[in-house]
Amino acid sequence: LAKTTQPISMDSYEGQEVNITCSHNNIATNDYITWYQQFPSQGPRFIIQGYKTKVTNEVASLFIPADRKSSTLSLPRVSLSDTAVYYCLVVLNNAGNMLTFGGGTRLMVKP
Amino acid sequence: NAGVMQNPRHLVRRRGQEARLRCSPMKGHSHVYWYRQLPEEGLKFMVYLQKENIIDESGMPKERFSAEFPKEGPSILRIQQVVRGDSAAYFCASSGDRGAEQYFGPGTRLTVT
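Which chain is which? The protein sequence lines are Y and B, in order. Numbering-wise (the numbering used here), the first sequence opens with residue 1 and increments by one. Numbering-wise (the numbering used here), the second sequence opens with residue 1 and increments by one.
Bear in mind the hints are in silico, worked out from the structure with no lab data behind them. Treat the hints loosely; a few may be bogus.
[Claimed, not checked] Partial chain Y-side listing against chain B, Cβ under 10 Å, derived:
(1) Y13
(2) G15
(3) Q16
(4) N19
(5) T34
(6) S41
(7) G43
(8) P44
(9) Y51
(10) K52
(11) V85
(12) M98
(13) L99
(14) T100
(15) F101
(16) G102
[Said to hold, decoys possible] Within a straight-line C-alpha distance of at most 27 Å, the following computed DSS-like cross-link-like pairs (lysine-lysine) qualify:
(17) K44(B) with K3(Y)
(18) K51(B) with K71(B)
(19) K62(B) with K3(Y)
Positions of the beta carbon are idealized from the N, C-alpha and C atoms, including for glycine.
Kindly produce the complete structure, drawing on both the sequences and the hints.
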């Protein structure tokens, strides 16, 4: 399983764009990059998944360079309610059963 | 459509007692996964079940822990003779197919005194 590395914590202010970068140097050909969000005392919630280039949904964008050795989760105009832990995962699509969570990035959004 | 449900939300047990954690997957989902989360850490995979079958239990301790997902009723994670180190949040997730997106429940917080 490809190991992921991401910053332990980040601070931001309301209204700013937040970019969280994740390294996954030994990602395999069939692996996808997936991001989850976890609020205190809740289970993780799927945010976005991608294979290469750029993926965008109503919540976030995911940028993946051609070599796929890293990815960046972009949260536009964060609010206080975006304060959470964000996990970057590398998953084997259509065959994976276990999700491997690292330590995640604790994002603190300040007023 | 109700999400993944777990109960109890909080469970306190004394050392040596048994803990039974229940998980009802989302409607239509037949794949259930259990994870454990220690304070300030990420979730760690324990076991993956598909109706009446254990598919992968590579993350589950060999002793005192067991899991089942009967044909009828919720999935059960059972911890026998609990110790203080078992104190953690236990999350259940379900999916509609193998490898599909997993939806997580709110977790059960187990405290062993």
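Can you give the numbers of the hints that this structure goes against, from lowest to highest? Checked against the structure, the hints that fail are numbers 1, 2, 3, 4, 9 and 10, while the rest are satisfied.
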